[in-house]
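Peer 1: Let chain A serve as the given structure and place chain B on it in line with the hints.
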Amino acid sequence: MKLLWKTFLFFISVLSILVIHIFVINFLPFPFNHLNIAFSSLLLFFTINQTQKIIWLSLAVSYFSELFNAIPFGINIAATIGALLIISWFQVNIITNRSEYMVFLSLALGTALYRFLFVIFLTVSNYFLHHESLSYQEIAKDLAWEVLLSSLVLFLFYFIITKLFRSLRIRRIKTEIIYG
Amino acid sequence: MLHFKTKNYLFLGFIFLLFIFVHYLGWLNPIERGVFALTIPISTKINHWRIASQDFYSYFSNQKAMANDYNSCLEKNKTSEIGEAKLKDLEKENIELRKQLQFFHRHNFTNVTADVVGQSADSVEKMVIINVGEAEGIKFGQPVIVSDGILIGTIAKVEKNISMVRLINDNQSKVGATILNKDGSLGVVEGGYGLSVRMNFIPRNETVLVGDQIITSGLEENIPRGLLIGEVAIAENEAYQPFQQAVLTTATDLSKLIIVSVLIPS
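These protein sequences, in sequence, are chains A and B.
Heads up: the first sequence runs through residues 1 to 180, numbered per my numbering.
Heads up: the second sequence runs through residues 1001 to 1266, numbered per my numbering.
I should point out that these hints are in silico values taken from the structure, not numbers from a laboratory.
A couple of the hints might just be wrong.
Each computed DSBU-like pair below joins lysine-lysine, with the alpha-carbon atoms no more than 35 Å apart [what the hints assert, rightly or not]:
hint	chain 1	residue 1	chain 2	residue 2
1	B	LYS1045	B	LYS1099
2	A	LYS2	B	LYS1007
3	B	LYS1160	A	LYS141
4	A	LYS141	B	LYS1256
These numbers come from a predicted model, not from an experiment.
Only chain A is shown next, with the shape it has when bound in the complex (with noise of 0.2 Å):
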């Protein structure tokens, strides 16, 4: 019962990240409807709770929002985990400060990062299927809105979440291990 409850709330928990995505993208008018709630909103949660059942939720998002577009098959679950596992990298080993800012900075980095494989495999992915090739100026324009607004939007999401709620604060390291 409680793995069937469980699987229930998976499901939804996909569907309500894919809705609120075809929502942003579909309705807002531009330059907001560059905002990445799919990917932001797994980041964020991946950044607050770096556990392994983000990585599953993101390979079932990032799998149904395939989908809806018209590239490769496989790409965008590639980028996404490509990204969170790096993201996940640079967090314990160089962005190791806890503030809040350290939700924006990784938010940046990681949209920017995500989308930045997610053109290096398009590219490559076009080369091979001999399609037309890419413009780069139009995506680094693109880029620039999403980073933006994503990181922007989701950090203040999250600011006023934690706010309300503490629990959902990034707990600091308690324990120390001293080398040496």
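Peer 2: Using the frame of chain A, we list chain B on its own:
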């Protein structure tokens, strides 16, 4: 903190490859159709709201026009019935369909009419989703038109019951075109320039004037000659460039598509 071991990475990689494999084998089709069945009605609704709200945005962008429209709206409201809005919508659809039907009579094409149900989930692509697919005979590369033969894009992806249309302003869209000037200049209409569309590779010695209409050249396999693309807004003939360029105004607003037709070669 994420504790990922080598075996976890391998497992994740395996699942990723498995996803790709079973997707291309079509074993995930029931799940994918289920997701489409759940999300397409929502996406359709959102798309209709968006088109209505775009009118709302432009309504408030000009105060004088807003005041005029508001006054005329008040006048209209005195005599209008509750169902007027619905009737107008149907009338609009009817005009659109009649125009498309006249076009097909003249050009002897078979067509499949479709509703626009959403947009691509990725902001890199300028695409719309339509509610017809393989089951209706849609194939990759077929042209998609609105109104009296206005080209809006080509089919980029086909599923069983839905398809994706790559709009002419997408950065990967390229369509062979000709200008209706005295030289009948040939060139390629390309997207990917923000909100505008350009025609490139126009020979420098040919005269291109603002207002000249641009139609499809018919030199591509699936796209017939004579579909209207737009008209020249700016002509750029630089001395150091081997070809001249033209910035186009598209013949229809690509952000307000409701009903489209896919042309199928007969």
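Peer 1: For every hint, state whether the structure bears it out.
Peer 2: Hint check results:
no. : hint                  : in the structure
1   : B:LYS1045 x B:LYS1099 : 25 Å, holds
2   : A:LYS2 x B:LYS1007    : 27 Å, holds
3   : B:LYS1160 x A:LYS141  : 34 Å, holds
4   : A:LYS141 x B:LYS1256  : 23 Å, holds
No hint from the list above goes unmet by this structure.
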